[in-house]
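Peer 1: Here is what each chain is made of, one letter per residue.
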Amino acid sequence: MWNKKRDEEPQRPLVPPAARPATPAAPVPVAPTSFEPQKEATPVSSMPVGRVESEARGSATIGKAVKVVGQIFSKEDLFVDGDLEGTVEALEHKLTIGPNGTVHAGVKAREVVALGTIQGDVEATDKIEIRKDAKLVGNIKTARIIIEDGAYFKGSIDIVKPEPARGSSKPQAAPAAAPAPQPVHAAAGSNEVKR
Amino acid sequence: MLSFKNILRGSRGQNGPPAGTTKSPKAARGRGQTGPETVAARQSRGLEEFFSHIRDLSGLTILDLGGATQQNVSFITNLGHRLYSEDFLQILTETFGMEDTVDQSNPGQIEYFLRQALDYPENQFDGVLIWDSLEYLAPALLSAVVERLRKIVRPNSYMLAFFHSDDKLDTVPYYTFRIQEVNTLQVASSGARHPAQLFNNRSLEKLFGSFDSVKFFLTRERLREVIIKA
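Just so you know, the sequences run in chain order E and P. All the letters of the first sequence, read from the start, carry residue numbers 0 to 194 under numbering that gives the first Met the number 0. All the letters of the second sequence, read from the start, carry residue numbers 0 to 229 under numbering that gives the first Met the number 0.
The reader is advised that the hints may include incorrect statements.
[As the list claims (entries may be wrong)] Footprint (simulated), chain E over chain P, 3 or more residues, beta carbon under 8 Å:
| no. | segment |
| --- | --- |
| 1 | 62 to 69 |
| 2 | 85 to 91 |
[Stated by the list, open to error] So the derived label-pair ranges between C-beta atoms look like this:
| no. | chain 1 | residue 1 | chain 2 | residue 2 | range |
| --- | --- | --- | --- | --- | --- |
| 3 | E | D125 | P | Q123 | 23 to 31 Å |
| 4 | E | R56 | P | T170 | 42 to 50 Å |
| 5 | P | Q179 | E | R143 | 15 to 23 Å |
Keep in mind that the hints were calculated from the coordinates and are not lab data. Bear in mind the structure is a predicted one, so any value in this text is a computation, not a measurement. Just so you know, even glycine gets a beta-carbon here, dropped at the ideal spot from N, CA and C.
Extracted from the complex, chain P is given alone in its bound form (with noise of 0.2 Å):
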């Protein structure tokens, strides 16, 4: 098994690529970046945790923030349910910049920005994958989005997001995650962006204070997944 702190060492400059990982000449699409993409597999709790709450249960409706992959339409969808896709974080590009040239915090970019990547009724979805899309957002957006997120999804439905939960990093590798199995992630990286903030477990809670209860995962690679109930 691949370790996922070699592929934060390699996108920090430190060690140069992480042996073992296999690389494809393909970069995520309209990310900024042009760099070989890093794919390794990972355990992820977080994912079997979410997934213990739909995988028995069909036709819910579930919104991926991390783009198509064929992976997770057909993962999500061979389990019975609808799938919405958002590439979040090349709207967030297309909105704000790579660099977050266009500030994060003006009102009209907000919205505009919230119309782009979340225009959905109240109430709509089962399940949220977000993965690690926060991460880049500023505390203003940051407040926004997860204000909508609240309203989108149905009560007693479940958000799965990933933070770094090492503060000393200037960038993060950006994922494009896979899901494999119930508990297993094929996670690929193809460059590294600023993340807007970094955050800790009390952070974390004051930010999902308005749902019902947010419960960590921290894993070896200073990752921390975070399952939000609403």
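For reference, chain E alone in the conformation it holds in the complex (with noise of 0.2 Å):
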């Protein structure tokens, strides 16, 4: 009667949601025993895990317990799934706000992903995506949008013309609502938080 009550069990692999890699191998089935412990995270998002994980590979985190007030220049991809208030600013990279991360902040970036809360005014030089699920109030500036059908967004869209490429032959100006690039504040490879 126990054995047959284990097998009805869903068995889960030891390995905890975030360490698995992305491209998952078969599941190594691993009959549950009294160390394990049995509490699993449960996303807020009804997206699929492997996405979100997709989403923040390769990227510095700030993960969803943790809670940054102040400044953050980054010079490499971003991902945030905590909470966040002030400004942020990676103006070359991709920030990507995860299901469980809140933002009270202006961001400023190259590409912004918003799967979680954005509250304030969003600059992307390249595109921006809102989706599923996610909640964004604010003007954005753009070059691109994309929203998934159940986006909130409550704001102004101003879609402005990439900046032309570097080493142009004609070089133009750029459109008055298009950012203009500014320094960065942080070394190379880094991210920096000023408070």
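Build the complex from these two chains, which are given one at a time in their own frames, with help from the hints.
Peer 2: This is how it looks when you write it as structure tokens:
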């Protein structure tokens, strides 16, 4: 009887979800033991865990139990799944707000992907994606925008043409609404938090 | 082409889901319904009239009260306009409840609602896509909303609103309107809601009496498409 009950229970791999490889191999069935924690993190978003993991892969990460108040300047991709108040600049990189992320900040980045909540103005020189179940309240300036059904957006959208490519034979003046390039304050490959 | 009328019947439970329409498991966000979404395309002379006034211009400021959809954002920004987006019905539901559990004539609630949904400076917009949002407003709230709309639009701007013309309806389906062409809408219905009041041409003229003109297009689907000029 005991063995039968164990067989019916869902079998979980020992590796926690965050540590799983992006392309998971076939799960190794492991019978639960009395030492194994049964509690499993439940994502707030309906988005599959694998999709969230792929967003965070290769990025500097602010975890969901972390709160940052201040300014962040990033010279690498950044994944924010915690709370953030202040400003975020990742001018040449991708900023992803995870499903647990709550950002009350002005945001400037090359690319912004919102899965959680952003309250503040957003400038994305390349594109912004507002995914299903994400919430964005603020004004957007970007070259391209993708809004999934089920996303909530309140604010204005300005589409600004991308800056001319470097080395162009005929440099043109950037549109007035386009964000001007700004110096990056952090050392290469690092993130800086100012308080 | 799918009939919009069939959607109406389907939503009233007479004929079940309309044949030939497509269904998506997704429901409209924050509007209290979980049913499958029904999608159809239809011509819209009102939309055509609306765009005839703004398509040859650029740099206008347009307010869309139907919430942000990829199609509407792309269509309007591709015309060179700046788009403001408000999910009017979601804010209405959050303020007054799905079944209007909070009195829509309460002045405090009306003021709160206006701050949430239409808190813009005077003369801000060159056009407003109201869609069918006004059907769910009780008289006191409706008057306040129309008065606020009158303030936030510029002179000679245009607004597009839809009203059901069948006065026997107990409930009307609510839609997400997605612009496909200047005269074609993709209409996604995912539920029904009690209209607060129903309108005829005369009541609509009275409602928008402070505006410059009101123009009607009565569709085969018993829907009044109304162009209001400020």
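Peer 1: Now tell me if each hint is right for this structure.
Peer 2: The hints, checked one at a time:
Evaluation of the coverage hint for the segment 62 to 69 of chain P: fulfilled, as 4 residues show C-beta separations to chain E shorter than 8 Å, against a requirement of three. By the rule of at least three residues with a Cβ nearer than 8 Å to a Cβ of chain E, the coverage given for the segment 85 to 91 of chain P holds, with 3 such residues. A hinted range of 23 to 31 Å for the beta carbons of D125(E) and Q123(P) is consistent with their spacing of about 29 Å. Between R56(E) and T170(P) the CB atoms are about 47 Å apart, so this pair conforms to the stated range of 42 to 50 Å.
The hint said 15 to 23 Å for the Cβ distance between Q179(P) and R143(E), and at roughly 20 Å that hint holds.
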